[in-house]
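Residues per chain, in single letters:
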Amino acid sequence: MLRRTFNAMLAASAATLMMLGAVSAQDITAPVTPEEVAALGDITLRVWADAGEQAMLEKLVPLYEQTYPNVTVELTLKGWDDLMGTVVNAMNSNTPPDVTNGNQGFATMGTMVRAQLVRPLDDFISAYGIDQGVPASGFSSMQWNDEGTAWGQGKIYAMGGATQPLGVFYSKAKLEELGLEAPQSIEDLQAALAAASEAGEQPIMLGNAAQYPLGSHVFGILIDMYSSVDEVNAWIAGTESSTFDTPGVRKALETLSAWGEAGYFGNGYDGRSMDDAVASFGGGEGVFFLGGSFNGARLAAIDPDAFGYTLLRGESGEYVTTGTFGTPWHISSKTQVEPAALAFLGMMLSADFAQAYADVSRLPNANLETVTPTGSMHEAQLAAARALFADGDFVGYLDWATPTMQRTMGTQAQMLLAGRTDIDSFIAAVQDDWSTYQAERQEQ
Amino acid sequence: MTEVPSRNAGGHGQAEKPVRLSGEPFAWRHLLYLAPGLALYALFCLWPVIQTIQFSFHRWDGITDARWVGLRNYIQVFTSAQTLTVFGNGLIMIIFYAVLPVLIGLLIVAIMTRIRIRLLSVFRTVLFLPQILATVVVAVAWRWIYAYDGPINALLSAVGLGSLSRAWLGDFDTALISVGLIGTWINFGLCMVLFIGGAQKIDTQLYEAARLDGAGPFQEFMAVTLPGLRGEISIALVLTVTNALRNFDIVWNTTSGGPGTSTLVPSYLIYEGAFITRNVGFAAAASVVLTVLILVLTGVITRLMRSED
Chain P
0 MLRRTFNAML AASAATLMML GAVSAQDITA PVTPEEVAAL GDITLRVWAD AGEQAMLEKL
60 VPLYEQTYPN VTVELTLKGW DDLMGTVVNA MNSNTPPDVT NGNQGFATMG TMVRAQLVRP
120 LDDFISAYGI DQGVPASGFS SMQWNDEGTA WGQGKIYAMG GATQPLGVFY SKAKLEELGL
180 EAPQSIEDLQ AALAAASEAG EQPIMLGNAA QYPLGSHVFG ILIDMYSSVD EVNAWIAGTE
240 SSTFDTPGVR KALETLSAWG EAGYFGNGYD GRSMDDAVAS FGGGEGVFFL GGSFNGARLA
300 AIDPDAFGYT LLRGESGEYV TTGTFGTPWH ISSKTQVEPA ALAFLGMMLS ADFAQAYADV
360 SRLPNANLET VTPTGSMHEA QLAAARALFA DGDFVGYLDW ATPTMQRTMG TQAQMLLAGR
420 TDIDSFIAAV QDDWSTYQAE RQEQ
Chain X
0 MTEVPSRNAG GHGQAEKPVR LSGEPFAWRH LLYLAPGLAL YALFCLWPVI QTIQFSFHRW
60 DGITDARWVG LRNYIQVFTS AQTLTVFGNG LIMIIFYAVL PVLIGLLIVA IMTRIRIRLL
120 SVFRTVLFLP QILATVVVAV AWRWIYAYDG PINALLSAVG LGSLSRAWLG DFDTALISVG
180 LIGTWINFGL CMVLFIGGAQ KIDTQLYEAA RLDGAGPFQE FMAVTLPGLR GEISIALVLT
240 VTNALRNFDI VWNTTSGGPG TSTLVPSYLI YEGAFITRNV GFAAAASVVL TVLILVLTGV
300 ITRLMRSED
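From first to last, the protein sequence lines stand for chains P and X. Just so you know, we're using numbering that gives the first Met the number 0 here: the first sequence kicks off at 0 and counts up by one. Just so you know, we're using numbering that gives the first Met the number 0 here: the second sequence kicks off at 0 and counts up by one.
Just chain P, same shape as in the assembly (with noise of 0.2 Å):
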């Protein structure tokens, strides 16, 4: 019954769409031109963003509009969750944004691609040069197969503009009072916190109240340092006899169950909003904050020389964290637009507007190597991108690997540091998350 009024609906938007023949499923081979955009006559292009995009978009917007007159952009913000409860199925209607930002993982990637809502951008990607210049294993997140059903390989549904590696920042100020330097490995981070810790600073800066990001990110940082990139990878990606149960990550659990007992997050985390932490963390509390670089802008506007960024490097040498090209943006396969929508995704993504990305601290994917900081921090941040890029290896985030690991991670890690669970429960319900939707997956 379900299925036959879903495809008496598909039937019924397939004839609509077959009226109105605007179902161009050509691939581009050049960049889209400023007539073929004003060919399509006076017309709107429905964005939707996260609202960590706006300051980027206050300086695309105009400048589109004024490359391409006969458009008119029609941007709808969200905040993130709020994002994430309704892009899909607003890609889902018969009006859906032409352009919009969306995550990787199963939960959201996957359902468009499954259900076919977004266009392929292989051939966007090349005709724009877009994959020149950044490492080519950026896009596995955002390769799918045609079914939707598994990542890491397959046509590229989506691109990002700038690189959000996770990092630890840290105080200037409070590094230079005790006598330290910026850490390069797991090891000088311990032996900072611990002399920050006997100094009586707080060493580490957290808010945690929506179950992140100590489960997510602070706990990604610490798996990345002891795990194999391919094996978390893998992890990640549910390839068949992965396993959450390995040295690595009990290594990375042992460390943050450790940190939570010396006291290291200090009191109340759990009760702390995240935006509350990077507000006092830049009002000068605590010696460092794990977390992505995308807060490295408003620790800038606070001051964009009072703090400092940096990735680990792993036992290879190289920096490893997680990472991507930052949050992916898509275009609609139903879109009536679609060479507006390629002209308005190649100009956010092009070298030329990559210094609009960095005038407000953020990491461009294009020209990361010759855009101007805004600051110290952004130039270390900047930096630390580069050496990614060149040499370093971007592991998946975690909460990918199941619809529900968010939670399931969140709540776990909490539980750990508050003495609610121990180490070997903590890898069982994760691997119990993971082995039952690999069963669903099966099954799709």
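Take these hints with a grain of salt, some might be off.
Said to hold, decoys possible - Covered stretches of chain X, as calculated for chain P (at least 3 residues, CB under 8 Å):
| no. | segment |
| --- | --- |
| 1 | 31 to 37 |
| 2 | 219 to 233 |
| 3 | 254 to 260 |
| 4 | 267 to 279 |
| 5 | 284 to 296 |
Said to hold, decoys possible - Across the chosen pairs, the derived CB separations fall in these ranges:
| no. | chain 1 | residue 1 | chain 2 | residue 2 | range |
| --- | --- | --- | --- | --- | --- |
| 6 | X | Leu154 | P | Asp229 | 21 to 31 Å |
| 7 | P | Gly178 | X | Ile144 | 32 to 42 Å |
| 8 | P | Asp423 | X | Ser162 | 26 to 36 Å |
| 9 | X | Ile74 | P | Ala382 | 50 to 60 Å |
| 10 | X | Ile131 | P | Pro68 | 40 to 50 Å |
| 11 | P | Lys171 | X | Val139 | 30 to 40 Å |
| 12 | P | Gln189 | X | Ile74 | 41 to 51 Å |
| 13 | P | Gln183 | X | Val139 | 35 to 45 Å |
| 14 | P | Gly78 | X | Leu39 | 28 to 38 Å |
The set of hints was computed from the structure by calculation and includes no laboratory data. These figures come from a predicted structure and were not determined experimentally. Heads up, the beta-carbon is just placed ideally off N, CA and C, and yes, glycines get one too.
Since chain P is already given, all that's left is putting chain X on it; use the hints.
Coordinates of chain X only, in the frame set by chain P:
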């Protein structure tokens, strides 16, 4: 429509009111009056309910083809440790969202029936305010109150109880109670206003009679006020119990269900299933169970309160 002539109404001064007399033939066209309301209700309430029940027997991501899985989603609701915890939390919320507000409301009314309070309407307005504030505002305010560096801990430190201070919403032992008390604060104003209205309808002669019989404040409350408020208590309980079980916004804006799963409630789980993890079938099954639970509880409440009549 034709006005039905009324033969005996004139003498009672109700000539304007059309009254259908027992002798009038039933006209099907009269049902047409109900049609617009029924159509809207069916479209926006009944149809979604039927759809939800239908979804609950499928594995569905909300977009691509759904797959029939029989009772699997329901089995998961009743066997998964997490789901059971979550429904348990929902039931605990009833204590904070329904029982405590009703008790506080009754206490206030009991005091007011004995003591004349000056500026009553001011008090009433102030105490009712939490009910009309946007819950997001309420949640943000309480997040600050409960914060580690918030006023509660400041007060505790000031009186030498600093060792008790904690992030009230981030502590496994206190998070559920803290979230629950926000619900108490929101709901007791509603109960109070309902009960004050009810108490004003109680015949003052009953109080006089009770006092003549030598009843003290407690006996008077038990013999006169409480029985007189039975209808209002029933309404208050139905509203607040429903409110407790469908609680979402306060949890969403304070703890996101944490720490661990200590404040995770059914509506939150349903939202996550339907929109974030895209397990629509499971979310639908949990919704059906929650709806049945609410129907049963409110049914029992109205039944119990009525049977004493």
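Evaluated hints:
no. : hint                               : in the structure
1   : 31 to 37                           : violated (count 0)
2   : 219 to 233                         : violated (count 0)
3   : 254 to 260                         : holds (count 7)
4   : 267 to 279                         : holds (count 7)
5   : 284 to 296                         : violated (count 0)
6   : X:Leu154 with P:Asp229: 21 to 31 Å : violated, 54 Å
7   : P:Gly178 with X:Ile144: 32 to 42 Å : holds, 40 Å
8   : P:Asp423 with X:Ser162: 26 to 36 Å : holds, 32 Å
9   : X:Ile74 with P:Ala382: 50 to 60 Å  : holds, 54 Å
10  : X:Ile131 with P:Pro68: 40 to 50 Å  : holds, 48 Å
11  : P:Lys171 with X:Val139: 30 to 40 Å : holds, 33 Å
12  : P:Gln189 with X:Ile74: 41 to 51 Å  : holds, 46 Å
13  : P:Gln183 with X:Val139: 35 to 45 Å : holds, 40 Å
14  : P:Gly78 with X:Leu39: 28 to 38 Å   : holds, 32 Å
Violated hints for the displayed structure, listed by number in ascending order: 1, 2, 5, 6.
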